[in-house]
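So the protein lines, in turn, are chains B and A. Position 157 (the first sequence) corresponds to 157 in the numbering used here; numbering is contiguous. Plus 1000 on top of the position in the second sequence (first one is 1) and you've got the numbering used here.
Hints were generated in silico from the structure; no laboratory data involved. For each residue, glycine too, the CB sits at the ideal point set by N, CA and C. Misleading hints may appear alongside valid ones.
Derived contacts from chain A toward chain B, CB cut-off under 7 Å, selection only [as the list claims (entries may be wrong)]: (1) 1026; (2) 1277; (3) 1279; (4) 1294; (5) 1337.
Okay, here's what each chain looks like letter by letter:
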Amino acid sequence: MVGPLETALRARRDAGGKCLVPYLTGGLGEWVTHVQAAAAAGADAVEVGIPFSDPVMDGPVIQEASELALRAGANPPDLIDELGRTEVGVPTAVMTYANLVDRAGWTRFASSLAAAGVAGAILPDIPLEETGPWCEAADGAGVETVLLAAPTAPDERLERIVARSRGFVYAVGLLGVTGERSTLADSAVVIARRLKEVTDLPVLVGVGISTPEQAVEVCGVADGVVVGSAVVRRVLSAGAGAAAAEVVADLVGSFRSALDAG
Amino acid sequence: MAAAGQVMGEPDTTGRFGEYGGRFVPETLVPALAELDRGFRSAWADPEFRGELDSLLADYAGRPSPLTECHRLSAELGVRVLFKREDLNHTGSHKINNVLGQALLARRMGKSRLVAETGAGQHGVATATAAALLGMECLVYMGEVDMARQELNVFRMRLLGAEVTPATSGSRTLKDAVNEAMRDWVASVEHSHYCLGSVMGPHPYPWMVREFHRVIGSEAAVQCRDLLGGPPDVVVACVGGGSNAAGIFSGFAEDPAVELVGVEPAGGAAVGRGVPGIVHGMRSYLMQDEFGQVLEAHSISAGLDYPGVGPEHSHLASTGRATYHQVDDSEVVDAFVLTSRTEGIIPALEPAHALAWVVRERAALAGRTVLVNMSGRGDKDVAQMMDVLADRI
Chain B
1 MVGPLETALR
11 ARRDAGGKCL
21 VPYLTGGLGE
31 WVTHVQAAAA
41 AGADAVEVGI
51 PFSDPVMDGP
61 VIQEASELAL
71 RAGANPPDLI
81 DELGRTEVGV
91 PTAVMTYANL
101 VDRAGWTRFA
111 SSLAAAGVAG
121 AILPDIPLEE
131 TGPWCEAADG
141 AGVETVLLAA
151 PTAPDERLER
161 IVARSRGFVY
171 AVGLLGVTGE
181 RSTLADSAVV
191 IARRLKEVTD
201 LPVLVGVGIS
211 TPEQAVEVCG
221 VADGVVVGSA
231 VVRRVLSAGA
241 GAAAAEVVAD
251 LVGSFRSALD
261 AG
Chain A
1001 MAAAGQVMGE
1011 PDTTGRFGEY
1021 GGRFVPETLV
1031 PALAELDRGF
1041 RSAWADPEFR
1051 GELDSLLADY
1061 AGRPSPLTEC
1071 HRLSAELGVR
1081 VLFKREDLNH
1091 TGSHKINNVL
1101 GQALLARRMG
1111 KSRLVAETGA
1121 GQHGVATATA
1131 AALLGMECLV
1141 YMGEVDMARQ
1151 ELNVFRMRLL
1161 GAEVTPATSG
1171 SRTLKDAVNE
1181 AMRDWVASVE
1191 HSHYCLGSVM
1201 GPHPYPWMVR
1211 EFHRVIGSEA
1221 AVQCRDLLGG
1231 PPDVVVACVG
1241 GGSNAAGIFS
1251 GFAEDPAVEL
1261 VGVEPAGGAA
1271 VGRGVPGIVH
1281 GMRSYLMQDE
1291 FGQVLEAHSI
1301 SAGLDYPGVG
1311 PEHSHLASTG
1321 RATYHQVDDS
1331 EVVDAFVLTS
1341 RTEGIIPALE
1351 PAHALAWVVR
1361 ERAALAGRTV
1371 LVNMSGRGDK
1381 DVAQMMDVLA
1391 DRI
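Whenever a hint applies, use it, and build me the whole structure from the sequences.
Right, here's the structure in full:
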């Protein structure tokens, strides 16, 4: 069964376009307006981070955003509820860490996402071998679990990852944690190409995609991009209030235009 | 190597001891952990590797460490107390056992750079030492708060040629240093080895690090047989991540008559006050809030300031094979002074936790023989204790 996240991304690809999925930290300032602004500016789906105290896959920008959100009292059930009450207009996926899911209970967490209308989940510290209990719960609730595929994986592992991934496959563009880089890593194109060879799922490259130019470059091969730190850094600089929504709209709009222009 | 079916044997194929352990890490690291697992198995089965490690442990680190019968402390407490003297190892603690093993393994696997986290600085100093010995590059992450508390060890590491980088996020202590080390490794995995300092983290670390510390328990078992004609009644060790405890427990765990006791700081009692969770690559007991955010630990000892615990300890606790108890900072300070004055041994604040439990339980332990793992010496803590004891000494 194909879920709403995969459906939306395939629709963009089938129409000859490239997929754009911005990331925003939940609980950071007026985050709901940031999510809505990203969707309105041309995102095909929006990834919402549920902040965790120990985000090992994240670099300094998302760490800072997470700390600020936690200090402001962000917690998973409230964020998920709020997302559920929000009209976003495109599918959403949450990105968070295993312990927040485990603490709530795998099944309860998956059900709460489904009840809030969240399409997908990305859990970067649950690699393929540990997906069992989570995927069972997520599949049961109808939540699409997006798996990450890293440049270090041998071919046979990539095949197993794409077979278990739902929604899209998240190609990790480089060896490293989330954050902006001045140039596109060669590894981003390589991992995208390797994944395209083994799957028909949309292949989106994330980690280190910082500018519209880099997005266009990697989309010579990939089906789309996930853009996180570049967006969140601007949200932080703009004070993370409702005014930051305009900054989000501008940046997401510039990625959209560049990708549409090819 | 431990055979399957033992109390402290190999974890299962998913890297679990019972339901604890596993490999909860970013996808990027999974192939590296699989490679490390294969590399360790191959090295551990290779007599040449074992021989080289044994030589370093003997000729460089000073093993075997002695077993000391503590006559005056025993008389004071009414309990026969023995110390396993890991404090006499080169670099001042048990940490060197693991670090020499991992550094040799890293070199064998073609890695030229060691990344490590450190709390009090003992593991960082040990790693910097091994890197200097083997001519490897070394970067140690240390919480900004701990760097201020343990200035001397920061200088030691730098003197040994290591780079020390502050962890400035979160609580800026040991758990954040682990986060930074893991982030570094995600980016540097092709040429770096993450030299993890305790029996924690993703598989194979909890098992591998315990095997590198098994020498503590193996030596102690022979030394106790020579001295006592058999094992002690109780084996006690402090537990932060739990490496020194795992090492000494492994020498006695197969004998059900020997009681195994782990002692946690009251402010960092993962087993005592935590619930199972997932952080730093493992499922284990963890101090966390109702939503799963990891709590900050607070202890007089920077080396035990950790909200989690190695997964094998969670398993030993859940099966009841070992019991875990908590002592507070003031009990630790008293034990620190008592041991200094009765035995002429200034303990590190970490093993002073184990001693504090023996002191508190002396009535229940009367007439029994207790082996305490003296996991490190107190030199690093003397400056801090000058302030704490300003009114008493």
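Now for the hints, and whether the structure bears them out:
At its closest, the beta carbon of residue 1026 of chain A sits 5 Å from a beta carbon of chain B; the interface hint therefore holds under the 7 Å criterion. Hint status for residue 1277 of chain A: holds, given a least beta-carbon distance of 5 Å to chain B, under 7 Å. Contact between residue 1279 of chain A and chain B, as hinted, is supported at the beta carbon level, the nearest pair being about 6 Å apart and thus within 7 Å. Satisfaction of the interface hint for residue 1294 of chain A is found here, the shortest Cβ-Cβ separation to chain B being roughly 5 Å, below the 7 Å cut-off.
For residue 1337 of chain A, the interface hint is violated, the least distance from its beta-carbon to any beta-carbon of chain B being 36 Å, above 7 Å.
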